[in-house]
Every structure is written in structure tokens, then in C-alpha cells.
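Protein chains in written order, with the numbering used here: chain C, 1 to 128; chain H, 1 to 382.
Source of the hints: derived by calculation from the structure; they are not laboratory data.
It is possible that part of the hints are untrue.
Said to hold, decoys possible - Facing chain H, a subset of chain C residues (Cβ under 7 angstroms, in silico):
no., residue
1, 8
2, 66
3, 91
As the list claims (entries may be wrong) - Computed far set for chain H versus chain C, every beta-carbon distance over 10 angstroms:
no., residue
4, 44
5, 74
6, 154
7, 272
8, 304
Unchecked claim - Examples of chain H residues toward chain C, derived with CB under 8 angstroms:
no., residue
9, 129
10, 131
11, 135
12, 193
13, 195
Since the model is a prediction, treat every value here as computed from it, not as a measurement.
Glycine included, every Cβ here is placed at the ideal spot set by N, Cα and C.
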Amino acid sequence: METVRPPLWITDEAGAPLLRGMHCSGCGADLFPPQEYGCIRCGAYGDRLRERDLPAVGTVLSFAEVHVHQSHPVPFTLAEIELDAGPIVRAALAPGSRPRIGQRARGLIVADEGDARLEFALAGEAQS
Amino acid sequence: MKTLSDMRPVYVVGIGLHPYQNRSQTSYVTLGLRAVREALADAAITWPDVESAYVGNALIGMAAGAAMLRYLGATGIPFAQVENASASGSTAFRHAAHEVAAGYTDVSLAMGVDTVDQWRSGPAKAGVRGLADHLSAPFTHFAMLTQKYMDETGATPEQIAKVAVKNHRNGAFNPYAQRQQVRTLEEVLAPPLISGVLTRLQCTPVGEGAAAVIVMSEEGLTRHGIPRSRAVQVLASASRSEQPFGRENGDVALTRATTLEAYAQASVEPRDIDVVEVHDAFSIEELLYVEAMGFCKPGGAAAELEAGAFDIGGRHAVSPSGGLIAMGHPLGPTGVGQVAEVVRQLRGEAGVRQQPNARMGLTHMVGIGPVCLVHILRAATA
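One chain only, chain H, in its complex shape (with noise of 0.2 angstroms):
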């Protein structure tokens, strides 16, 4: 099977987000546009120089990417919507990566887009029910792990608690975030309880926003004068889905399995990773998931978060754009978001949440399926 390492080097050359928000009456398409015209003003490029795109989103329609696009000058390029939950935005990035690795095309967009919409479930479709469907919800299904957690590990409330606490302080510094406000743990641990231990600081927001990346070859950097400084390369594309798992954790060990085979892919190891946008739309998953890719021992990360091993300055920085739980998670956009905030990471233009030397960043969303998508970015050679 062949990886991106196999195939040629393809780089980020220009990102763009619409603010992430909560509900409003704007519409998808002006949301869309903006990060797109972003994406293109910061590669220096035009709409007619884009050769093919994918758009990433879980909730708004069929074919409401195309009656986007079509408003910065319809150019008849290929494109397609991509749904993969929680991963479109990630799926489409992958799509328009690879497109371009394999000499499909020189310059192609990924972006992803979503309002708050109608929550329709595939998966309920399909008729296959449990005891208590209509008990659980995702904030219960992680309320319930982060139980685990804490009888497997020892971890307090409190401790759990502070990811939100450094993942708010990182949103306040953000101007794209939805939640921009520092907040101290008192706050976070204020009720009201949402589910277990886990309180409304600790969940991700609901809100809507877009994210845009343009993606380049060699070529195509060279076609459009790109400078070098500013191309970030993408090293490893690594995408998973469900296997039997036993009575772990089947997020958990589908995010080891993939970040495992994107470490492969970019002959790179834990250390190696300045920079980690992971999906935490629960506090705990942040803990689990840093875990799971080896960035501390097993039942380490509580402790080591609060020791600031996680903070921007701190051996790797996690979720310096706020992430899940302060940046906010809008579904289609979230995963291409992850990829325009280490961009902006690596090449050292994150102002005030910039983590110091970043030279390599690593993406990681998760999805209902489950599925799982872990990129690995670094940085331009000085």
C-alpha cells in the first residue's frame, strides 16, 4: 500500500478560517466564502489558479458545496463534498492531498464548512438498537470514560478540569475562536453538570464556521512563485476505522492505531511533535488521546498537564488554537481548521500562542463510525 512518503511532496500554501460562532443567521455560503478568499489571499493565488476542491461538511446538504463554490467565478474545476462526521473537514484534506501527491493536479483546495443544522443519524437508519439509545449521548459516552479514567488512574475532577482551563486560555488568544474568554478552574468546575463529572466548560460548543487550506506540489509552488519559508509540507496521511477493540476504548485505540501508522509514515516519533491539534471535545479525551500517541506514559497526563507539559511553551503543545473545547467544533470545518492552525504554527506566525521552535505538528480528529484521521506536518527548512 502506498503513503504519501511513496509519492511527491506536497505542501499547505495558504490557509483561511471564517471565525468559528455560535448560531447565527449567516448563511453557509458567506461563511464558506470568506475562509476560502483567505486561503487564496494568503497563498497569493487567485480562484482560476485552484484545480480541483473538496468540501468538507456533516450537516447541510447535498450539493451545497457546489452552490458555494460557484460564487467566486464558476471555473469548471472537479470537485466533491466529503462527509465523514466529525472528520469531513480531515477526510477532504486527505482527498486533496493525495490528489495532489499522485500528479493529479498542482493546486487543489480543501475546505470545510457547516452550520447548525438538523442533527440527521445515519447510523439510527439502520435500525440496530440497544438498551438505552435513547439514554446515551456523546457527552455521557465520554462522562462515562472519564469515570474510568479516574478509577484506572487516580486523576481528580479537578485535574481533568484543567485541560479546559489551558484549552480556554489558548482560545482567548485566538481571534477565530467561539470561545474567547480565559477561565479560572472555579469556573470550569461550576455547575451545571452536564453528565458524570463533566461540566458545560469541559463540551465543546455547538457552532458553525468554515476552514480553508490550499495544497500545492512542487510544481505548483514554483508556477505560482511561493516562497519556500511559508510552504508547509505534509509528511503522513493516515486514516482508520472501527476493529474489534475488546473492552477498550474504541476512539482510544483507533487513535494509537492510526497515529501509529502516520508516525510510520513520516519516519518521525512522539518527540519529535512540537505542535498537536487533537480532538477534544471532552475534556478527557484530550488526556486519553495524548496518551494514546505517546506523548506521556500510560495514566501520565493528568499530572503532566498540570505540570504545563502541554501548555505553548511546554514540551508539546496541545490545542494551541483553543481546540475542541474553546476554539469551538462545527463539524465540517474543525479538521481542516486543525491543519490551518499548526501551518500557522510552523511557520511561525501565531503571535501570542506561538509554541517556541515548532518545527513539526501533528492533526488528529476523530469521528462517528468510529473513524480516525491523524496528519503529520512540518515545517520549511530554514
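Chain C with its partners taken away, still in its complex shape (with noise of 0.2 angstroms):
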């Protein structure tokens, strides 16, 4: 019974992704994900917030390679990642990616039969 919602993310005109996060004229806060309830550092509401495209950049504050999954093929490595923007997202790795914390990373889309999804690769490896 989850609510239908738009897409997490979009891109520009160069085709970089733009994660579609919120900004909070409360508390002046970026945030990520993005919901319609209230700004969870203030409590802000309504027209306080507002929907902003935060550019998908960000360092890499900690990582783990995955063994078991119930659906999706393992391993594949999740990261934590702290945009510039602020926000702290979990995101997946390009597969490959051989990360260490500190590292600086980048959104990238990936054509995924017919769909498209967006991951994160590391600065100073191949983009697959």
C-alpha cells in the first residue's frame, strides 16, 4: 500500500542525475528523500517546503559488500554517501568499484534493459 510517487531522480541538460530532494525554508535544511509530511529537523510544513534538485555528488562515508540479497544477484556493494548538498543517501556502486571512505563519488545512469538506474561511481575508476 505504498504511495505512488514520481521518480528520485532526473537529469540535467548534460545528462547528469539531479536526486529530487526538498529544501526546508524553516531551517534552511537540504533534504533527501523527498515527502510532503514535514521537515524532519523543524517540523516545517506546507509551503515551507520546497521541492530542489540536489546534484548527485558527494564522499563516500562508509560502504559494504553485500553476500546475501533474497532477490537481487549478489555481491554488489551499497554505500553511504554524504552529498555536498548535505543530505546522506545510500546508494549502489558501479559493480567493480573498489571503494575507500573518503572517496569522492558520482551519480550515473545506467541503461538497465529498456529501464534505467542510477548508481554511483567512484572518483578515479572507469565508468563502466
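Got two chains here, each in a separate frame; can you build the complex from them with the hints?
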């Protein structure tokens, strides 16, 4: 019974992904993921929450290679990334990534059997 | 704001458990009744002496507590089922203790019971989705924390696995534990890897079980002839939830804040605590939480654990029950089971698992929310 929501990202003119976040005019925070309920920092709601697209660029805070999953092929690597805009997000890293904490990472759109998904690629690693 | 220290004293006088075990065909009613009857027998009282009851569970469903307690003989007492994720049992205990401390009742029951059931996530119904929710799981959340801890402190995967070696060793001597087998470091490190460096034996098993405790006021002790020597006082009950903690892990920051509040309520310091039951669902958690609770310096837990500081017989016995890793984590019962273990230790009745001269104990649970509950208990004066 999940509410149907728009995609979590779009692309800019150059094809780079932007995360569909929010800006709170109550406390000035940029927030992700988007929601219309209220700001978890200050409680502002309604008109004080506006959509704001956030560059999918940030720094790796941690990561884990996952070996057990009920539906997704393993292994894959999940990372916690602090966006330059502030929010901390979890995202899949591009296959073959060998991350270290503190490394820069950037969102990347990957075609996936007629669909497209967002992964993060590490600075200095070849993009698949 | 009032705390337990401002109210009349409250004591745990009876403890009981149904062993934590792998999923079986046993009814939750059978699990729960065994724990309650054992707690009543331990306190040497009968069910009609109990004036209110709180039943913690996370999975069974609406009104499960009512459909269980009636088989003790329906006495008409007020009761409520309590759900607070992994901290459901701890929350049931807090409410029972507060009810007695406030003078509403002299004898109350707190218990937890759960079976392995379908997990229906409340938060998912809010419909707020992140980029990779479908790829994440609790073990991956804690695998990422493990990676971060290794990066920041230089701790090795072997040092982290030693948490599980210690807790399996403790659980091996606990007849209520789901895992009752001593494990070597090699066994703990052996594949399969689950996520990051975490192996199967460093993750809590999913299981079923029940735990129950009876709490009483001074009046209750007198009325029911409870020996003072077996009454363990609840000195502090602290409960906190999410705040914007920034980059620090929420469970760790929340543990620090909640534990500090409990220390202040009880007017004690970390060095006063002899026995600790922590939420060690994953090996890394024990290291993070004992640091946050002030039982060693930040970043020092892996080396301290290796040196035996957290063994039974060490400076603080951490998870002498075997903790969530070995005793198990059937959700509803877990927080109440921690209280039962600490009471057993503070009575000096823990047998081969006994921490010598245990005078004060602390229980700690975190749960999805995040929420955190910490209780501090003190042995009867000799």
C-alpha cells in the first residue's frame, strides 16, 4: 500500500543525474528523500517545503559488499554517501568498485533492460 | 520532569523465561505462559496477586496478549500490549515499573513474547523511499558501521569477531540461550559472509521465546512476604528517540544520550556498573555501544575486549547471557530477558556465568525508529 511517487532523480541538460530533494525554508536544510509530511529537523510543513534538485555528488562515508539478498544478484556494493548538498544517502556503487572511505563519488545513469537506474561511480575509476 | 528517583522504590522480585529457540510449531501462548508461570513461582506469588500486566511484542498481532493471559485464570486486571520494535519488551518493563513507582499498583507483570512471523514494516507505509531501500537490510547497515569503525580505529575483522566468540562462550552456559555452543575464532570467521566482514555467527539468529518479570513496591514486598535479599531495585529507566544527530550513527548517539540520562537518574557512573546487557544484534554494535556508554575510551573497545575487560570476571561483564548474538533476539522478549539476566546476576544466582560481586547492572536496547531504552538495577544490600 505504498503511495505512488515520482522518480527520485532526473537528468540535467548534460545527462548528469540530479536527486529530487527538498529545501526547508524553516531551517534552511536540504533534505532527501522527498516527502510532503514535514521537515524532520524543524517540523516546518506545507509551503515551507519546496522541491529542490540536488547534484548527485558527494563523499563516501562507508560501504559494504553485500553477500546475501533475497532477490537481487550478489555480490553488490552499497555505500553511504554524504552529498555536497548535505543529506546522507544510500546507493549502489557501480559493479567492480573498490571504494575507500573519504573517496568522492558521482551519480551515473545506467541503462537496464529498457529501464534506467542510478548508481554512484567512484572518482578515479573507469565508468562502465 | 519526574524520574524513578523521585518516586517510590520499585523492585524486580520474579523472573521467568521460555528458552529462546529456532522457529517451531509451538504456540506463542505456550511460550508466554511458561515464562509467566516461572516468574510467578520465582516470586512465590500467584496470578491473582498481579494487579496489572504489560505484554511486549512486535510481530504476533492485535490482542495476542489478551488471548494468552486468560489461560492463567481471567482476573479482570488492566493490561496492554506494547509495541516498540526491538525495544518492545524494554518498553513493557518501563511501563510496569512506572505504574508501580507512581503508586497505581503494588504488583505488576512485564513480559515479552514473539514467534517468527511475517514482518510488516510500519515505516514502509509512510511511502518515503530512498535510492536503495530494496538493497539495504539491517546486516548491511551494521556492515557499513563495521567498515567505518575499522577505518577510524584500525580494529581488524578478527578483533570484531571476538565479540561473537565471547558471547557464544557466555551463551553456551545459558540454558535459555538459542545458541548454546562455544565457538572458536576460526568458526566465527568462517564463511558464509553475510555483508561486509560480518559472518553468520556475528549476526543474531531469528527465533522465538518469552520472558517475564514481576515488579513490586515496598508495600508489595511486605504484603507478599518477599525476602529483601532477592528483590532487585530498579534505579533508573531512560527512554529516548531520534534527534538530528548529523553524521554520527543514530543508534550510537542515541545510546550515549539515553545512557547518560540513566546514569543521572541513578546518580551512578560507568565504573559502578558490574554487568551490562547490550543490544549486540551484530558484533560491531557491542564495541560501539560500550564506548558510547563510557565503559572504555572511544576507539578502545576492540583492544579492551581482546584483553578480557568485558568477559565474565572482567571489569564489566558485557552480555553474560550470551547477548542477542548467542542468547538470541526474538524481539518482544529480548528486553525483558535482559532484565531477567541482570536480576539473576545481581542475586548471585547465575551459576557458572556469575560475574563476581555483581552489585549493579544495566540493560540496553535500541529499536527501529530509532528508539533506545536503558535501565539500571541494583542488588539488595547485603
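Right, here's what the structure says about each hint:
1. 8: 6 angstroms, holds
2. 66: 5 angstroms, holds
3. 91: 5 angstroms, holds
4. 44: Consistent with the label, residue 44 of chain H stays out of reach of chain C, its closest Cβ about 47 angstroms off (over 10 angstroms).
5. 74: 36 angstroms, holds
6. 154: Its Cβ never comes within 10 angstroms of chain C, the nearest being 13 angstroms, so this holds.
7. 272: Fine: 34 angstroms to the nearest Cβ keeps residue 272 of chain H off the interface.
8. 304: Residue 304 of chain H clear of chain C: closest Cβ-Cβ about 23 angstroms, beyond 10 angstroms.
9. 129: The hint holds - residue 129 of chain H has a Cβ within 8 angstroms of chain C, the shortest such distance being about 6 angstroms.
10. 131: Result: holds, 5 angstroms to nearest chain C Cβ.
11. 135: 6 angstroms, holds
12. 193: For residue 193 of chain H, the interface hint holds, since the closest Cβ of chain C sits about 5 angstroms away, which is under 8 angstroms.
13. 195: At about 5 angstroms, which falls below the 8 angstroms cut-off, the nearest Cβ of chain C leaves the hint on residue 195 of chain H intact, so it holds.
Violated hints: none; the structure is consistent with every hint.
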